[in-house]
Amino acid sequence: MSPVDWWLLLSALLFCIGAYGVLARRNVILVIMCLELMLNAVNLALVALSNFLPGGQGRGSIFVLFVITIAAAEVTVGLGIVISNYRNRRSVQTDDYDELKG
Amino acid sequence: MPGGDFHPVFFVIVAAWILVAGIGVVAFHNIVHSAVSMIFCFLGVAFAFALLNSELLAIIQILIYVGAISVVIIFAVMLTQQQTGGFKLFFNRQSAFALPAAVAVAVLLAVFFISSKFLPKGDVAHNPNVHSLSALLFNRYVFPFELISLVLLAAMVGAIVLARKEDDR
Amino acid sequence: MTALAHVSTVLKVATALVPLLPFAGFLITLLFGKSLLRRRADVVSLAMVTLSWVFSMYLFVHVFAHRHDVLDWNVFSWITSGSFHVTWGFHVDSLTAIMLLVVGTIGMLVHYYSIGYMRGDPGYYRFFAYLNLFMFAMYILVLANNYLLMFLAWEGVGLCSYLLISFWFTRKAPSQAGKKAFLVNRIGDFGFTLGMLLMFLTFGSLQFTNVFGKAGGAGSATLLGICLLLFTGAVGKSAQFPLHVWLPDAMEGPTPVSALIHAATMVNAGVYMVARSYPLFIHSHAAMLVVMCLGAFTAIYAAGIALTQNDIKKVIAYSTVSQLGYMFMALGAGAWAAGIFHLFTHGFFKGLLFLGAGSVIHAMGGEQDMRKMGGLRKLLPVTYWTMVIGALANAGIFPLAGFFSKDEILGADFNAGYWFIWIVGIITAFLTAFYMFRLIFMTFHNQSRADATVQAHIHESPKVMSVPLVLLAIPAALAGIVAGWPPDGGWIHKFLEPVFFNAKAETFHWAGLDGGLLLFSLVVALAGIGTAYVFYIRRRELPVRVGERLPWAYQASVNKFYMDEFYEKAAIRPTMNGASWLWTFFDVKVVDGAVNGVAWLWARLARVLRPLQTGRAQNYAFGILIGVLVLVVAFRIF
Chain A
85 MSPVDWWLLL SALLFCIGAY GVLARRNVIL VIMCLELMLN AVNLALVALS NFLPGGQGRG
145 SIFVLFVITI AAAEVTVGLG IVISNYRNRR SVQTDDYDEL KG
Chain B
50 MPGGDFHPVF FVIVAAWILV AGIGVVAFHN IVHSAVSMIF CFLGVAFAFA LLNSELLAII
110 QILIYVGAIS VVIIFAVMLT QQQTGGFKLF FNRQSAFALP AAVAVAVLLA VFFISSKFLP
170 KGDVAHNPNV HSLSALLFNR YVFPFELISL VLLAAMVGAI VLARKEDDR
Chain C
1398 MTALAHVSTV LKVATALVPL LPFAGFLITL LFGKSLLRRR ADVVSLAMVT LSWVFSMYLF
1458 VHVFAHRHDV LDWNVFSWIT SGSFHVTWGF HVDSLTAIML LVVGTIGMLV HYYSIGYMRG
1518 DPGYYRFFAY LNLFMFAMYI LVLANNYLLM FLAWEGVGLC SYLLISFWFT RKAPSQAGKK
1578 AFLVNRIGDF GFTLGMLLMF LTFGSLQFTN VFGKAGGAGS ATLLGICLLL FTGAVGKSAQ
1638 FPLHVWLPDA MEGPTPVSAL IHAATMVNAG VYMVARSYPL FIHSHAAMLV VMCLGAFTAI
1698 YAAGIALTQN DIKKVIAYST VSQLGYMFMA LGAGAWAAGI FHLFTHGFFK GLLFLGAGSV
1758 IHAMGGEQDM RKMGGLRKLL PVTYWTMVIG ALANAGIFPL AGFFSKDEIL GADFNAGYWF
1818 IWIVGIITAF LTAFYMFRLI FMTFHNQSRA DATVQAHIHE SPKVMSVPLV LLAIPAALAG
1878 IVAGWPPDGG WIHKFLEPVF FNAKAETFHW AGLDGGLLLF SLVVALAGIG TAYVFYIRRR
1938 ELPVRVGERL PWAYQASVNK FYMDEFYEKA AIRPTMNGAS WLWTFFDVKV VDGAVNGVAW
1998 LWARLARVLR PLQTGRAQNY AFGILIGVLV LVVAFRIF
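Chains as they are written, first to last, in the numbering used here: chain A, 85 to 186; chain B, 50 to 218; chain C, 1398 to 2035.
Simulated from the structure, these hints should not be mistaken for laboratory data. Note that the structure is a prediction, hence the values are computed from the model and not measured. All clues stand as given, with none of them false.
In silico SDA-like links for lysine to any residue, alpha-carbon gap of 25 Å or less: (1) B/Lys137 with A/Ser175; (2) A/Lys185 with C/Leu2002; (3) C/Lys1966 with C/Phe1694.
Model the full structure from these sequences, guided by the hints.
Rendered as structure tokens:
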């Protein structure tokens, strides 16, 4: 196993931990936090690959830059939505956000 | 930070740090504990970036993730009333099914990564240093860079609009 | 028979014009009749049909001069599909010439007659358009040089028959009669189609020249099949038993239609077709036997019904069926020229009888029931005398046309050894004379039995109607002597010799059997007239008394031997019930069930799947994860 494989393994594990959190927790803010975990995992994978793959020229790093930026923007807007929703229904439990139920 | 080759010791330390912090995020009942755990996780990832020769990214990670995103999240935690209670309150009904699914994905990914042969042994390239990274950013990828600024602007405006108190005008 | 290698352009053009002119007339009259021409809507169609007559007379004269030349050429190729090759082409020989004479003359006269008869009818232009269309189809039928083109025209005349029978379609009876005609014809057409199929399979072609050239080489069972199937088509078109039921109903159409289509031309198509298929039939003795026997049966059967009918047109209609039976009797017995001769004479006197009946109906203001007529002799002299000529001709009285043709048929049957058929023919001749003069006496003699209001309006028809009557009476009277004398050796037999190349003109023995038979049939016919005279002039209580003595016979005759009831029970009711069952069970339960069932299935499915929509994003995210899992595994495996 080359070094890259180790880093990718770590990234995969972190990703899955974050995925579990997204799926299993009831608090919306916690879900967003776990989303960030997943994003971090991806960033990790990108940087690792960019470091070890030939011919990358740092494209992975650039990508990660953009991902971080977008993640920040996304968290901001997402939490704005959560606050807004909280004002209306006084709850941050995901179970209560089911108005689109069919 | 030592660049170049792969240092197993540092890797293990960083990996353990990240994983433990990550599990902490998911497992704590108290959300503030989860938030703190998340901060540690981000720090760990920054360390990892540094290990991978991306010092710039490590600093940026700390600045933005730890410095900005975590703060925003804690703000949100403060603004919303959290409940206290038992396991059932914090984990929803599908958590029992999500666990095996997540494990399965992890196992699959692990298997794939290990068995795939697209990487040469050892490291061939390195991540660029700040100088080359900025050269790339402002020459080749200047267009996305400008676009990003627009996205940030939109996000700012959006967040303000969303979080505004409702007026009866 | 030798086919002419080269046909002059003049002939080709003339032949092509004969059917094309009426077709143009049809289009023009149909399209512009209501708007441009209005009351003069008949002008174009009359001009076309007259011109056609001129050209067909030209053709007749040409064939008359060159009767051993057979003209057969293709105009263009119609269907080429593998080995199946059919053309639009024309075939002109003596048989065609005779048919052209009959069709053209009577067609033209009926057109002129219709000016008077149909005057004031709101569908005037439509009538003439359809008449022209019919002429087009009929001309194509007799001029065609292959069976498929003939069949096309066959269907065309059937269509026109339907259109014209149900001409007054706003009433129920004509519409149903038109439908009946078309449907019953269709049964015959099905046989015709099968015959053509078999023919193609056996000979590889449907062109006359090809089929007739190879006729001798086919197996006898195959030939029998082909001939019988073709004959089925003739049975339908020429209203022979059991497909005769449409002809009496067809009398719902205007009388000129009855005269043209159901007496003089369309119903002859079956006879023409069998005659044209002469090279096929002569190789199948069994088929000819069937033709002859069926014809004989139909002849006496129809005559039996005509005895008791009270509608003047129905009597003449059944008479037509009966006389067509005579023609088939002749063809089946091997007297081909005699059969065509009878077709020739019959066309004239039957057309005359129908037009005369139309004149009577016109005078009586639409009344067709003979029980309400009477005493018209002095009031409608022209009609009376022409109809008497027609009736005499039909009854077979010397020296009128019917005598020669009918007796030739009887003589031929006897000579060929079919003396049972001869007996049937003789009895039918008696009945024919009887019912014909029953018609004459009931309609024209004695006192008028009509209402006073009707009586006041009785008048002779306008010239445009009575002139055709006179014009038809001439050949009805003379055609027999002119064309058919001496019997079996007259002009017409020599004329048709090249067509019926194995049946030579025979010599007629005056003193001996032939002469004796001739005299005998004449006596029988006169006896029939005499009996009618007794029944309807002298002792008029007799018909009722005979009816009371033999009630079952009378009822059977009046009710057309219950054929319609039989068809109703045997064919129509089961079909309707079957259709009804198909509707209630199959359509409602199965088809609707399937369609509704599909809808129900989806509704159930939706109800089952609805709980999946929890509204919670986490559940959906879980689904996405599972999906990704599956995809990744699938990609890995495959």
